[in-house]
Amino acid sequence: MGVAAAALDYDAELMLRVKEGDGASFGLLLDKHRAPVVHFLYRLVQEQPVAEELAQEVFLRVYRSRSSYEPTAKFTTWLFRIATHLALNWLRDGKYERGQQRLDDSTQDAPARQISDRRPSVEQQMVYEVKLLEVRRAVASLPGKQRAAVLMHKYEEMEYSQIAKVLGCSESAVKSLLFRAYESLRARLAHME
Amino acid sequence: MLVAYAAGELDLETAAELESHLAGCSACRLLAAEQAAVWKNLEAWEAPPIAPDFDRRLYRRIREDVHFSWWERILRPFRPMPLRQALPLTVSACLLLMAGFVIERPGKTGPVAPHRETVRVDQVERTLDDLELLGQVGMNQTESVHSHAM
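Going down the list, the protein sequences come from chains D and P. According to the working numbering, numbering within the first sequence proceeds without interruption in unit steps and concludes at 1525. According to the working numbering, numbering within the second sequence proceeds without interruption in unit steps and concludes at 153.
The shape of chain P in the complex, shown without the other chains (with noise of 0.2 Å):
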């Protein structure tokens, strides 16, 4: 009731009655003397300004939004580039994922058969020798260099 009294909202008769109340009653005194001052620093508080162009700007939005079909509403708020910047790099993007894919797996071509690993001991022996010649090569030329160059 405080409130509505400090707001000026009561009836003159309900105000009478409670001014009759707070002239024996410092608690309540106190409490409608503080309401009063808080009334009166909110009254302080003066917004600012509108800005001169605030018509033309919603002026201008609402022309704007009237040009929108209903799906591009829709779209909007998951668009948060404009489409002519978007759609490249999406399409840049799926080429990229589809070329992966193909990397990846690049189709079936047929049952393979399983990989046998077969071991020939003449292949095995071949290789040693052929490396061994390699080692002798590499010797004698490492001789060669040297007296060379002494």
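Just chain D, same shape as in the assembly (with noise of 0.2 Å):
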């Protein structure tokens, strides 16, 4: 992504604001950004206190280097290429292990599910505590790679280019990671409604 491209990107713009010294511009991004990386985070290293410490570093980081800030890329893949980095460190260092074996408790960072027009029955509830524990291990179960590929896939739509950036790889290793991923992923979660 040139300059050019990057003079698109919104964000992009009000961090070179933020280099300026505007303040208001960093709580525009912090707003715009905090859920989907606290988000992202929380899915890959899967302790929601562990993901929002990582994501004031994520936003620390960002404050930090303001004043040697280029929009060289696209504002989010900086900034999830941070995130990324961040948790695959914590993943790597052994501290994940620890987390692992209170996953079992499955409802400890769930959120309360919320219908709309009706509320869930015990049976319902349980079967979604069920399920999701499912999918917690099996995408627990994916190298720290292939699971940051995927959740920047599914959750955050990112393009095969921008995972590629982020991940400091090729796009067809993009495209590898998601496919052996996913084949995983379908091994253990396509026999569930």
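If you're looking for bench data, these hints aren't it; they were derived computationally from the structure. We put the CB at the ideal spot given by N, CA and C, even for glycine. Be aware that a few hints might be false.
Stated by the list, open to error - The calculated DSS-like cross-link candidates involving lysine-lysine, where the alpha carbons are at most 30 Å apart (straight line), are: (1) D:1477 with D:1463; (2) D:1507 with D:1477; (3) D:1351 with D:1507; (4) P:43 with D:1463; (5) D:1507 with P:43; (6) D:1507 with D:1463; (7) P:43 with D:1351; (8) D:1364 with D:1351; (9) D:1477 with P:43; (10) D:1507 with D:1364.
Stated by the list, open to error - Residues on chain P that point at chain D, a partial pick, calculated with CB under 7 Å: (11) 35; (12) 37; (13) 44; (14) 45; (15) 47; (16) 51; (17) 55; (18) 65; (19) 66.
Since each chain comes alone in its own frame, lean on the hints to assemble the complex.
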């Protein structure tokens, strides 16, 4: 992505204003990207307090880098690159295993299921929780990069080219990562209705 | 392509071509159904709400970060405990090390002449006599103690 294309990126414009000392623009960026970053990190590390801690580190690094910021890439690419880097480091450092012991408690971080027109029955709630646990386990079983690729593809709706830039690999490598990841997920989740 | 199809990423024309293929290929049809099931199951995974004090904590960290000087930032990873606690400990450790060094090597006092052990015969004889005398005194004392006891 060149400078011309980056000029279309409103987030990059906001970041340039932050660079010039405009704190309000940082607030706008935070409002816009807080939830996607925290949710992405949550699904990656599967612990909400850790996800929030890592997300704080992401935004802190963004703020720290304001003076050297150059819009050479899309802002979200840069943002998710920092987030992925921090999360994969956290997973690599083995802190993840401790968290997995708590994964059995499926309701730990599970949000209360909201159904607009009617409340779910106890049976529906239980079915949902079992399904959620299975999904979390299936995603947790993926290697770090595959997991990050799936989450960016599924929940952030990123294109292959952007995922490639975030992960620092080629587009074909991303396709391969996604192919293998979805193959594993199909083996574990396809039977579930 | 099936992944993109399940994700709804294909344009209408490509999707139509794929669907016509799926109509006649049971293996691909099964794969497409499985991928759609995965997609649907992933959709059910909602993330929990973010803590309400997220921004407050972040801005506090930013304020603290701004107040750090450049050298404090460099030293921070090497500073697991607060400076107030670490400084006295470091000073004490240095003093102990220095004391140990001084005790071990008290400093140069000039060349020391090699110590030569010489044995004088008369001195040895006198020492043996002294020991014999001490032995006799000891025996006398033991005898007197026994007589007192009886």
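Taking the hints in turn, this is what the structure says about them:
Restraint check for residue 1477 of chain D and residue 1463 of chain D: the C-alpha separation of about 24 Å stays at or below 30 Å, so the hint holds. Between residue 1507 of chain D and residue 1477 of chain D the alpha-carbon distance is near 12 Å, which keeps this suggested pair within the 30 Å criterion. Of the supplied pair hints, the one linking residue 1351 of chain D and residue 1507 of chain D is violated, its CA atoms being roughly 35 Å apart against a limit of 30 Å. Straight-line distance between C-alpha atoms of residue 43 of chain P and residue 1463 of chain D comes to about 11 Å, which keeps the hinted pair within the 30 Å bound.
Pair hint residue 1507 of chain D plus residue 43 of chain P holds up; C-alpha atoms about 20 Å apart against a cutoff of 30 Å. A threshold of 30 Å between alpha carbons decides the hint, and for residue 1507 of chain D with residue 1463 of chain D the separation of about 27 Å falls inside it, so the pair holds. With a CA separation close to 41 Å, the supplied pair residue 43 of chain P and residue 1351 of chain D exceeds the 30 Å bound. Using a Cα cut-off of 30 Å, the hinted pair residue 1364 of chain D and residue 1351 of chain D holds, with the two alpha carbons roughly 18 Å apart.
This hinted pair checks out: residue 1477 of chain D and residue 43 of chain P have alpha carbons roughly 22 Å apart, not beyond 30 Å. Pair hint residue 1507 of chain D plus residue 1364 of chain D holds up; C-alpha atoms about 28 Å apart against a cutoff of 30 Å. The interface hint given for residue 35 of chain P is broken, as the beta carbon of that residue sits about 11 Å from the closest beta carbon of chain D, more than 7 Å. Given hint, residue 37 of chain P at the interface with chain D, holds; its Cβ is 4 Å from that chain's nearest Cβ, closer than 7 Å.
For the restraint placing residue 44 of chain P at the interface with chain D, the shortest Cβ-Cβ distance is roughly 5 Å, inside the 7 Å limit, so the hint holds. For residue 45 of chain P, the interface hint holds, the least distance from its beta-carbon to any beta-carbon of chain D being 5 Å, beneath 7 Å. The beta carbon of residue 47 of chain P comes within 6 Å of a beta carbon in chain D, closer than 7 Å, and the hint placing it at the interface holds. This hint holds: residue 51 of chain P has a C-beta 5 Å from the nearest C-beta of chain D, less than the 7 Å allowed.
Because the smallest distance between the Cβ of residue 55 of chain P and any Cβ of chain D comes to about 11 Å, over 7 Å, the interface hint for this residue is violated. At about 5 Å, the closest approach between the beta carbon of residue 65 of chain P and any beta carbon in chain D falls short of 7 Å, and the interface hint on this residue holds. About 11 Å separates the beta-carbon of residue 66 of chain P from the nearest beta-carbon of chain D, more than 7 Å, and the hint is not met.
Hint check: violations occur at hints 3, 7, 11, 17, 19; the rest are consistent with the structure.
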